[in-house]
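*Asks:* Please model the entire structure based on the sequences and the hints provided.
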Amino acid sequence: MSVARDDSPAFAGYAHPERLVSTEWLAEHLGDEGLVVVESDEDVLLYETGHIPGAVKVDWHTELNDPVTRDYVDGAGFAALVGGKGISRDSTVVIYGDKTNWWAAYALWVFTLFGHEDVRLLDGGRAKWEAEGREYTTEPTVREAVDYPVVERDDSAVRAFKEDVLAHFGNPLIDVRSPEEYSGERTTAPAYPEESALRAGHIPTAQSVPWGKAVAENGTFKPVGELDAIYRDGAGLAEGDDVIAYCRIGERSSHTWFVLTHLLGFEGVRNYDGSWTEWGSAVRVPIVTGTEPGEAPVK
Amino acid sequence: MSATELPPALAEIRDDFLAITKQERLQLLLEFSRDLPALPERLADHPELLERVEECQSPVFIITEVDEAGHVHLHATAPQEAPTTRGFASILAQGLDGLTIDAFFAVPDDFPFELGLTEAVSPLRLRGMVGMIGRAKRQVRAAIAAP
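Here the protein sequences line up with chains A and B, keeping their order. Under numbering that gives the first Met the number 0, the first residue of the first sequence is numbered 0, with each subsequent residue one higher. Under numbering that gives the first Met the number 0, the first residue of the second sequence is numbered 0, with each subsequent residue one higher.
Keep in mind that the hints were calculated from the coordinates and are not lab data. Note that the Cβ used here is the ideal one computed from N, Cα and C, for glycine as well. Since no wrong hints were added, every one of them can be taken at face value.
Output of the computed footprint for chain A on chain B, the stretches with three or more beta carbons under 8 Å from beta carbons of chain A:
1) 22-34
2) 83-94
3) 113-124
*Replies:* This is how it looks when you write it as structure tokens:
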């Protein structure tokens, strides 16, 4: 029951153009059978101020995270969450959000952990939809709950844990945080609260490629040629590489994970969601400060 | 409910939140965000007088002043696309306005956790509001020390 893909020529060069839809496409397809639009924001109230008609809200903090363990919900929890929002296993899910789709990409990545097949991002996110003066409503979306199967989360393919990172040295790591966080001047993004990391710096050998480099001024993803220049020529990624991306809590690196996996077609990319809030507080893990990647620790 | 002794305006806000369901609390917070009082003109023209609250993810700036009669006034500004932060600032601007210095300092820093928003908003986000109170108190301490 998959909804037709967006054949916009702007997406043609990407490895998996079916993972993106444009604002024009979405405006035309709102209400299509089988399509569910999801808004996922940093701000828990932004959806309530106005959202794309028919969109449901998924909050990263109160819904995708387990309330007790630092982990995501389990198979039963995910089934209850998305089924309750009227999302079926075969629904086409289009996700958009604030902050240039940080949390939308994060939600998309979590849907991927549960193997939801057809999940796409709205290129440009909430800001582009808004800038184009497109329709918003404060009308609550009412969707009938459906049965979503309980599928256990598969953390092996696209998720990395701290132990995986320690075993990964010698393979590329991408640090997507700001240059100040990378060098160790601060532990959080500029203009973000200082929180939850006892040490500052980066994981040895990680290349610094701030997430925003993948984004054009209007918030959409850059064309594939520019992305190649950044990640292949600039950061030295090559075909067949296993890559781990990280940031502070895994949301900005979900964005880069999306770029590497779906736009550039790398197959072995994992997101280390523990990221700096874990690494920067873990005991006896190696850390490098300064602007150079540094050497891999001797195993 | 082991309610803390709060100033009347703040206590009323808390009771309003606690009287409704979790989903309704988000709506009420949204109403507060819409009602964040505009900055008085003398401050609007001088944004450098306001201090950024680093504990909040979204840019929110506050200034807490003590008038000649010894009453506290908190002014805040935050962008429209950060309604949660605006809502927090609005609760404080309205709930603390006009308190005496003693009454102001008696408000517990962790009062935001009494609003019944912990589940709907998450503890992490509420910590931003705790940060605003801490900063407001520091500003008042500084104002008293150097009038």
